[in-house]
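Put chain B on the given structure of chain A with help from the hints.
Residue numbers (the numbering used here), protein chains in the order written: chain A, 49 to 336; chain B, 209 to 382.
There could be a bad hint or two in this list.
[What the hints assert, rightly or not] According to the in silico footprint, chain A covers these stretches of chain B (three or more CB under 8 Å from chain A):
hint, stretch
1, 245–252
2, 326–332
3, 351–363
[Stated by the list, open to error] Calculated pairs, EDC-like style, for lysine to aspartate or glutamate (alpha carbon to alpha carbon, straight line, at most 20 Å):
hint, chain 1, residue 1, chain 2, residue 2
4, A, 254, B, 334
5, A, 234, B, 334
6, A, 304, A, 259
7, A, 269, A, 259
8, A, 269, A, 305
9, A, 234, A, 259
Because the hints were derived from the structure by calculation, they are not lab data.
What you are looking at is a predicted structure, and each value in this text was computed from that prediction instead of being measured.
C-beta atoms are modelled at their ideal positions from N, C-alpha and C, and glycine is treated no differently.
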Amino acid sequence: MPRPRRSRRTLTTLVVLLLISVTIITLDASGKGHTLTSGIKSVGTDVFSPFRAGVDDIIDPVGDFFAGAVHYGSLEQENHKLQAEIGNLRMQAAMTPAQQKELAKLQKLLALDGLPATVTRLPMVPAQTIRQNTSNFASTITINKGRGQGVVVGDPVVGGGGLVGRVVVTSHSSATVQLVTDGQFKVGVVYGNNQFATLVGQGAGKPLAVDYVAPTTKISKTTQLVTNGLAAAQYPQNIPVAVPTSIRTVTGATQKDIQARPLADLGTLTYVNVIQWSPSPTPQTKAT
Amino acid sequence: MTAPGVLKICLVVFVALLVQSTVGVGISILGVHLDLMLLLPIAAGIGGDAEEGAVMGFVAGIAADLLLPTPFGLSALVYCLVGFVVGYSTGSIVREVWWFTPVVALAASAVAVMLYAVLGAVLGQDQFLQLNLAAIVGVVSIANAILILPAIRVVRWALPSADDTRTPAAGGRW
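Looking at chain A on its own, in the form it has when it is part of the complex (with noise of 0.2 Å):
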């Protein structure tokens, strides 16, 4: 008996869909293809931008109003505190000129608290997070500074006194970075006396996995683990990236089980910096 026709274009409809997006798994899989994947998703972005804008503009204020419902009590004490705290504000406005220019300094110096003066001189885009973690399966913050403010993909990220991440996809106003616990997150760092690891994201809310630390290499919970700068590093040298949380000898292995903290307090990311950084052979930054 012969196949009824409906079924038979529903059948073909799905093995072409099923087709293109294979097809658009392995594009975004390979190297240039990639590229073209990237610029979809950042056109797409750009377009779609302003309605989410607009839209998280009418239910802030709502969500807000609910979540104050919930919290009163914390919030009256914070209420408090932030009274005390813009009296204080108030008093060093009046004896500051240029309010806005002290401002956006201030919300630099917040990001880059606890990171090292080598750090701290590269050029940097600040920026504030306004989403984080849009996906169930990937760790990210989106910040509010895009392409036109020269952020670009593979950028290192830093704040909260260490590496936060690197930028993974940018549009015009908004880039979205991969924090350093995703579980596509690998970073390499030096520790001790120029001894070399790799950290490798777990994913949210679980601590980094430090690789490549042979059994008899000498390392302890103090020991700060920095990124190494070498040549072609995706990220300069000695931005401080985690210390270690456990570190387990275990008989027989090629290498120590070591958990690790990131330093960065990635739950608290308001402010944020962009290093403007591109992979070089010698360790150095972009020319600005």
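Coordinates of chain B only, in the frame set by chain A:
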């Protein structure tokens, strides 16, 4: 599927994406947020047929992938398959009990999230299987089971083949 039909689907997907990227990501339970885009192909499969489920899944998946940092096309592949399977497997079933639709949405969402994680791992995103998958499956499935009835109402407006012949016989309404 006609041009106005495709336009209606695109409009529904656009609005859903807007809601997902603003309200959906803002609501977090156990660190997991809602996946309203996955709701669309399931609703289209239940409220329409297998072909419409697949088309809705593809369009919703591509739209979702535009804003996600995960592999481009992965959501389209998974949603397309889920929409088709839901439409195909529920097409000939007479729905006499009110809980049929939420249970289908619950099961389909759970399968979709697991399929997404497995395919992601196959594509080199190993961390997809190391995350708290049980929490993601649980939150997304339960939320979709709760939201499926209003979602079907919205999706049926956009679907050309949607009619009242598939309304539950026990007097219930979608």
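Here is what the structure says about each hint:
Beta-carbon proximity to chain A at under 8 Å applies to 0 residues in the stretch 245–252 of chain B; the threshold of 3 is not reached and the given coverage is violated. With 3 residues bearing a CB less than 8 Å from a CB of chain A, the stretch 326–332 of chain B meets the requirement of three and the coverage assertion stands. Look at the stretch 351–363 of chain B against chain A: 0 of its residues bring a Cβ nearer than 8 Å to a Cβ of that chain, fewer than three, so the hint is violated. Distance check on the hinted pair: residue 254(A) and residue 334(B) sit about 15 Å apart at the alpha-carbon level, within 20 Å; holds.
At roughly 13 Å between alpha-carbon atoms, residue 234(A) and residue 334(B) fall within 20 Å of each other, so this suggested pair holds. In summary, the hint linking residue 304(A) to residue 259(A) is supported, as the alpha carbons are separated by about 8 Å, within the 20 Å threshold. For a cut-off of 20 Å, the pair hint linking residue 269(A) to residue 259(A) stands: about 15 Å separates their Cα positions. For the given pair, residue 269(A) sits about 13 Å from residue 305(A) by alpha-carbon distance, which is consistent with the 20 Å threshold.
The suggested pairing of residue 234(A) with residue 259(A) holds, with an alpha-carbon distance near 10 Å, which does not exceed 20 Å.
Checked against the numbered hints given earlier, this structure breaks hints 1 and 3; the rest are met.
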